[in-house]
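Please build the complete structure, drawing on both the sequences and the hints.
In the order they appear, the protein sequences are chains A and B.
Once you know that position 226 of the first sequence is 226 in UniProt numbering, the rest is easy, because the numbers rise by one and skip nothing.
Once you know that position 194 of the second sequence is 194 in UniProt numbering, the rest is easy, because the numbers rise by one and skip nothing.
Among the hints, erroneous ones may be present.
Simulated pairs of lysine-lysine, DSBU-like, Cα-Cα distance not exceeding 35 Å [as the list claims (entries may be wrong)]:
#1 A:K62 to A:K79
#2 A:K868 to A:K634
#3 A:K1181 to B:K118
#4 A:K1096 to B:K118
#5 A:K1181 to A:K1096
#6 A:K103 to A:K836
#7 A:K173 to A:K1084
#8 A:K308 to A:K103
#9 A:K163 to A:K197
#10 A:K103 to A:K62
#11 A:K83 to B:K118
#12 A:K173 to B:K118
#13 A:K926 to A:K677
#14 B:K118 to A:K1128
#15 A:K197 to A:K1084
Hints listed in this document are in silico derivations from the structure and should not be mistaken for laboratory results.
Being a predicted model, the structure only gives us computed values, none of them experimental.
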Amino acid sequence: MTETTDSRAATGAGMDTGLTDSLLRLGRHFRRGETSADLRTLHQIGGRSADVFYRDRWAYDKVVRSTHGVNCTGSCSWKVYVKDGIITWEAQQTDYPSIGPDKPEYEPRGCPRGASFSWYTYSPARVRYPYVRGTLLELYREAKERLKDPVLAWADVVDDAEKARRYKSARGKGGFVRAEWWEAAEIVAAAHVHTIKRYGPDRVAGFSPIPAMSMVSHAAGARFISLVGGAMLSFYDWYADLPVASPQVFGDQTDVPESADWFDAGYLIMWGSNVPVTRTPDAHYMTEARYRGQKVIVVSPDYGDHTKFADEWLPARPGTDAALAMAMGHVILKEFFVDRQTPPFVDYVKRYTDLPFLVTVAEGDEGWLPGKFLTAADLGESGEGAAAKTVLLDAATGEPVVPRGSLGHRFTESGQGRWNLDLGGVDPLLSLHGDHAEPVTVRLPRFDTTEPGVLCRGVPTRMVHGRRVTTVFDLLLAQYGVGRPGLPGDWPTGYDDAAQPYTPAWQEPITGVPAAAAERIAREFADNAERSGGRSMILMGAGTNHWFHSDQIYRSFLALVMLTGCQGVNGGGWAHYVGQEKCRPITGWSTLAFGLDWSRPPRQMQGTVYWYLATDQWRYDPFTAEAMASPLAKGRFAGRTAADNIALASRLGWMPSYPTFNRNPLDLADEAERLGKDAAQHVVDGLSTGHLRFACEDPDAPENFPRCLTVWRANLLGSSAKGNEYFLRHLLGTDSNLQTSDHAGVRPAEVTWRDEAPVGKLDLLLSLDFRMTSTTLFSDVVLPAATWYEKHDLSSTDMHPYVHAFSPAISPPWEAKTDFEAFHRIARGFSWLAEKHLGVRRDIVAVPLQHDTADATAQPGGRVLDWKAGECEPIPGRTMPRLVVVERDYAAVGEKMAALGPLVDRLGVTTKGVTVHPDAEVEYLKAANGVIPSGIAAGRPSLARDTHAAEAILALSGTTNGRLATEGFRALERRTGTRLADLAAENEGKRITFADTQARPVPVITSPEWSGSETGGRRYAPFTINTERLKPWHTLTGRQHFYLDHDWMAELGEQLPIFRPPLDMTALFDEPGVGALEGAGGHKAITVRYLTPHSKWSIHSAYQDNLHMLTLSRGGQTIWMSDVDAAKIGVSDNDWIEAVNRNGVVVARAIVSHRMPEGTVFMYHAQDRAVDVPRTERTGKRGGIHNALTRLMIKPSHLIGGYAQQSFALNYHGPTGNQRDEVTTIRRRSQEVQY
Amino acid sequence: MTTVLWMTVPYVALTSFVLGHVWRYRHDQFGWTTRSSQLHESRLLRLGSPMFHFGLLAVIGGHVLGIAVPASWTEALGVSEFAYHLVSVSAGTLSGLVTVAGLAILLYRRVTVPAVRKATTTNDKIMYVLLTTAIATGMLNTVGSNLIGGGYDYRATVSPWFRGLFTIHPRPELMVGTPVSFQVHNLVVLALLALWPYTRLVHVFSAPLGYLVRPYVVYRGRDPRRPDVRRYARAWQTPSSTPAARR
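What follows is the structure, encoded as C-alpha cells:
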C-alpha cells in the first residue's frame, strides 16, 4: 500500500493544483500525525472524542421487540430502542423465519407509519392522566358528598334531566380536568352498576375492533363487558369491511391468502385494493412476482399508486365494477363452458360449487321465476335434516341424487361421517340442456336501466318429483345472457350487443372500460387459470367493498374465480384485503374475551344495527326498503322501513338485538321466578300478549336507550362513525352540523315513531387511549392507556403466518396503564359497588340463531314466517331468538376476570362447530401462570397478569397448540369421515408459548379453526382443505354458492350475481345529481361523488396527527379533486373549500390533481378533528370529519338470518356500515378561516 | 450607575460568553452549527456571505488595532495620531461598508426568500437585531464621529476602559462623558457577546481554517494511553434480550 502511494507521489500524482499541494505540505508542520506521501490522507492517533457525541446520538441501552397494535394488517415486528429510560426510535425486525428458498422472504416488513410511532410516546397528543369533563365531575362530587354512595351519586346526576343535559351538551367542547385513577374508575363502575340495576346489562356496550392487533388488550375489556352481561359490538361489518358475499358464497367470515401466496399467482388483478398504499409491507410480493412473469391488471377509477405497477389499467367508474365483472363472466361462460367445455373448470364447478344443484322454477302471475333449491324433503324424504339436503342429477342415470356434504349432514346424527364432498362416483349433471329438456322462459331482474327492468331468458327444465327444476348453472347462463340453441328469450347477438346485459359492449358505457379490453382480460384470466391449474387471483378491497351493493360486486368477482377453478388453490382465488385481520389463536382469544370460561352465551351485537337505531339515523330515511326491491318482488317490503326490517330480523332470531326488551332482563327473570314460570316461557308469553316488546320496536323510549359505552383500541367518532353528526346529536346530545331534519322520514309500519327525537341517549362514554382523538374529545371519562411499546400483548395477521409479541420497552409513563390493568381496576371497583347494589342475579339473554350450529337449519328454505303476524308459533331457537338464563354473580366479576373459569374443562371450547377439550392445557396453565388460592376461582389458573392472559390465549388455540389442532381435526374427522388430522400431526407436540413469541415471530400450525393449510411449510391459501380434503364449505349445499334462495334475496332480485349501480342519491334523498353545477361567479358549486379511501399517510386515524406523517403529507384535512372539476368552480390547489350535503359540512383544503377522475373526490379516511379543522361558513361551528358527510343505510339482505350460511355470527354476517354511494356539493369558501 | 453599566454589565456579559460556550459545547454539540440556509438559496448567499464575513474579519482586526493596542505603543512606533486616524477611518470605513453591504444582502435574502424566512427562528431574529445594531452604531462611530464629525479619540477613553476589564483593573469612570453613540455601541456589543453562545454565532469557533492545509481523508487511530470512555455500550455488545428473560 505504502509502496503504491509512494510510487504515485513519485510520478507526481499530487492534488488538483500546485497551490493545494503546497498548502497541504505546509500543513504537515502544524499537526501531529502522519500525512501520506500523496498528501491525500492523514493518519493520527487519538482525536476520536470529537465524534463521541455523534456516536452517542445513535447509542442505546436496550432493544425490545414489539409491534403496532393499530388497525392495519401489517403486524410487523419491530425493534424498539431505549436509551436512558426513554424510547428513542424503532427499526424493523429482520428475524422472521424463512419461508423457504423458492420465494422472497417476509422481511423486511414495515412502513413509514410504523417507523414514526415512537413520536407518540412523548408527544403533545399523548393522554397522560385520567380526565373527566369538569361539569360532570363537579356534579358527581357534589352528589357523592351528599349521598355518600357512588352509585346513588351517578343516579342522581343522570336522572336529573337538567344536570344530564348540562354535562352531555358539553361533550366535545373541552373542559377536561384531571381526576385520580381511583375516582375515574369509581365513576365508571358506578355508572355500570346503576345502568345494570335500573335498565339492564344489555344497556351496556363495548366497542373495540380487531382483536388480532392486540389480543390481550381486546380480551381484557371484552371480558369485563361480557361478564357483566353487556354487549360487545361487531366491527367488521360495521366498518363495511366484511364482504357479505363471503358468508353468502363461502359460508365463511373471510379467509384469504397470505401475501407470499401472491407470488404463486400467474395472473393478478388488483381490483379495489391499493396494495402499495394499504398493504405496504407486503406489496413487495406483487412487485417481485412480476419478475417471475406475473401479469398485473389494475381496475381503479383514479390513477392510484398501484396503477403504476400494472401492465394494464382499466379505469372503471366508481361503483360500476360489477358491470365489468359480469361482462368478464359472460366471456368466460361463453368461451370456456358453452363454446368449449374446459375440463378442469367443469370438473371444479361440479365438485366445489352449487352449479349442478337443482332449483325449482315456479310459475308466477306473469311468468316463470327461479325459486328454492330442491331438497331431499321435496323428494319425499322425511328423515332428519331432509329440508337442508340439496339435490342434483346423476349425469349417468338422470336420476336425482342427494349428495353428501350439504347442511343436512352437518349437525344430524345420521350425517356423522357423511359431511364431505365425496361424490362417490356420481357425475353431477351440470346442465339440463339437451333433447329431453323442456325450456321455459324465466324472468330475471335488471338494474342497469333508470327504472329496474326484467329480462326474459329461457332455461332448460325437467320435472322431478312433481316439481319443475333447472340447475343453478342453467340459471347462471340465463343471468349472464349466454345463449344456447333452442332456448327462448332475449339473448345478446354477440359481444358487441350493447343493448343486452351482460356483454362486454354492454358494460362499456357504464364503466368506461373498452369492450375489447374487458373481453381480452377475461379471456386471459381464464386461459391462465386453465393452463396453470387455477393460479389466477383477484386482490379486492375497500374500493369495491364499501358500496351499498358491494355484496353483488363481490359475488360477480367470486364468480370469476369459481368458474375458473381458482378458489382453494395456492396462487389463485379471491384475496380480500380490507379490515380482514386474522386473530390466528382465535379459540383462546374468544374464550377469554367473551368470558366463555365462566358463563355462556355472551351478548354479541351487530354494530351497524346498533348504531343505526342508537343514533336515530333510522328516522331520516325518506324511503322504504321497497326502493331496493326487484321489479319481480312479491311486495314483502311494501311500506316497511329499514327499522321495520330490523324489528322483524330481531324477533325472528336473525340478528341479535341489544338492548333486547323494553324491560330489564334481570327484572324479567325475577318476575318469572316469582310467578314460578320458566323464564323463556314468561318472555314468550309477554311478547305474544304484547305486554313485553322488543326494544328495537321503540328505540327512542328512554328505557330502551343504550346507556354506557366503552371504547378502547378504537376511534369510533374519528374513524368509523358513519353519520357522525347523527352520533353527535342523538347519541351524545351535543352540537352537530346536521343539515337535514327527520320531517321527511318515512314513518315505520311497526316501529314506534316519537315526534320528538331524543338527544343525548348515552349516559357514559368512556374511552381508553394513549392519544387524544375525536372519540376521547367527546368522552365523559378518558383513561390514559399504555402505548404499544409499553405492554405485553400478542399480534397476528392473515398477511403473514406468524404470531409475535408486544413487549414493554418502558413502563407506561405518567399515569398511563395498560388496557388490561385498567379494566381489572374497573372490574374490582365494579364488584365492590355491585356487592351492595346488585348481588347475584339471573339474566335472560336472547341469542340469535347462530351460524356453524344447528340453528342454521332452523328456518328451512329461507322462508320468512313471522310469528307476530300469526304465520307460525313463537318457538325460541326456531322462529325467534333462543332465550337463555345466565346467572351473574356481580360481586365476583373482578375475581372471575383474573382466573380461567371452569367451563373450559366442563364444556370444552368451540370454534366454527369444532369442539375440543383443553384439559391438559388447563393443567399446563395452572403450572405456568399459578393457581388462584381462594375465593370463587380457587384452584383455577391465574389470569391476573397480561402475560398470563397471553399464555392462555396461545395454549387454548389450535393454531398455536398442536395438540388442540390435532384433537380438533380428529373431532372434525368424525363428522366428515375424511382424513384430516395428518394436517396437524407434524406439530402435535408443539406448543407456542408467549416466551417463544417474544423471542422471534413464530409460524402457526394448521388448525381446523381456519380453512387453509400450512402443513409442510406451504403458503396459506384459503379453502385448500376444502378442495384437497373434500371438507364441505359451511353453506347450505356444502359447496360455494352462486345461488341464494332466501325469500329476501329473491325480493331484492339478488339470487344470482348481478350488477346494481351505486345508489341514486338524487332519487333517494333529493341531493343534486353528480356533475350538477349551481350558483354563479365566485359562488359556483359542483356536486361530485364522495369517496373516503384509505390513506398513504395514516392507518385510519392513527399516524395522521403524527408530526412525521403530517410533514410527509399535505397535513390537515384535505379533499382531492380533479383539475377539471376544480376549474369549473374556480378552485386552485390548496384553496379552502367547503363540502356540504344533507348529513353535514366539511371544511378542508383542496388538493387539485389530474390523478383524480372528473366527477369524483377523495377525502381520505379518518383525518381526525384534532388537527387543523376550522369553523364552517355554513353553520359557524367547527367543521366535521370525513364521516360528517356520510350516513348509514341498511341493506335488507344483510339482515337475513336463521338460514344456512346466512345466519348470524359476530363479525360474520350483518348489515354493513357502507358509505361509498354518497355525494357532496363543493364550493370555494372564504380563504380567511377561523378556528 | 456608572459602575453597573461599565463594570457589572461587562463582566456579566463576558462571563456569559465564556461559560455559555463551555455549557453549549458540553450539552449541545448537535446544535453547534451555523444552521446554513444554503440549501434554500445560494445565489445571494454566494455574494453576501463572503462580503459580510471577510468585511467583518477586517472590522474585527481594526478593533484589535484600535482597542487592544494602546495609543502609546503606536506613538512609540512614530505613528502620529493623525496618521493613525487616517488609516483607521479609511480602512475602517471601507471594511465597514463591505460588511454593511454584505449584511444588507443577507438580510434582504433572509426576508424575501420564503424558505429562508421560514428557517429563521426567534433566536435568530434577536441575534440579527443586535448584530445589525452593533454594526450600525459602529459605522456611526467611524463614519459619523470621525469622518463627518470632528473626530473623537476613543483611544483615550474607551480603549483603556476596555483593556482595564481584562487586567482586572476596571476603570468604569473612563466611560463617563464619552459620546452616547460609543456608549450605545459598547452596550449593544456586550449584549451580543452575552447572547453569543446561545445563538448560531458559536460557529465562529468552528471556522474550518484547518481545511486549508489538511488532507481530505483523516484516519484517527485509538489512543492506547487514553481509552474511550463511553456512556453507552456498543451496539454489538447490547443485550437485546427478551423481556421474558429479564422478567
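Checked hints:
1. A hinted pair counts as satisfied when its Cα atoms are at most 35 Å apart, and K62 of chain A with K79 of chain A qualifies at roughly 10 Å.
2. With a C-alpha separation of about 20 Å, the suggested pair K868 of chain A and K634 of chain A falls inside the 35 Å cut-off, and the hint holds.
3. The suggested pairing of K1181 of chain A with K118 of chain B holds, with an alpha-carbon distance near 31 Å, which does not exceed 35 Å.
4. Between K1096 of chain A and K118 of chain B the CA atoms are separated by roughly 27 Å; this keeps the pair inside 35 Å, and the hint holds.
5. Under the criterion of a C-alpha separation no larger than 35 Å, the hint pairing K1181 of chain A with K1096 of chain A is consistent with the structure, at around 29 Å.
6. Proximity of K103 of chain A to K836 of chain A is assessed by CA-CA distance (about 63 Å); at most 35 Å being required, the pair is judged violated.
7. This hinted pair checks out: K173 of chain A and K1084 of chain A have alpha carbons roughly 33 Å apart, not beyond 35 Å.
8. About 23 Å separates the Cα atoms of K308 of chain A and K103 of chain A, which keeps this hinted pair within 35 Å; it holds.
9. Restraint check: the Cα-Cα separation between K163 of chain A and K197 of chain A comes to about 21 Å, which is no more than 35 Å; the hinted pair holds.
10. For the proposed pair K103 of chain A and K62 of chain A, the alpha carbon gap of about 33 Å is at most 35 Å, so the pair holds.
11. The hinted pair formed by K83 of chain A and K118 of chain B meets the criterion: a straight-line CA distance of about 32 Å does not exceed 35 Å.
12. For the given pair, K173 of chain A sits about 33 Å from K118 of chain B by alpha-carbon distance, which is consistent with the 35 Å threshold.
13. Restraint check: the Cα-Cα separation between K926 of chain A and K677 of chain A comes to about 41 Å, which exceeds 35 Å; the hinted pair is violated.
14. For a cut-off of 35 Å, the pair hint linking K118 of chain B to K1128 of chain A stands: about 34 Å separates their Cα positions.
15. Proximity of K197 of chain A to K1084 of chain A is assessed by CA-CA distance (about 56 Å); at most 35 Å being required, the pair is judged violated.
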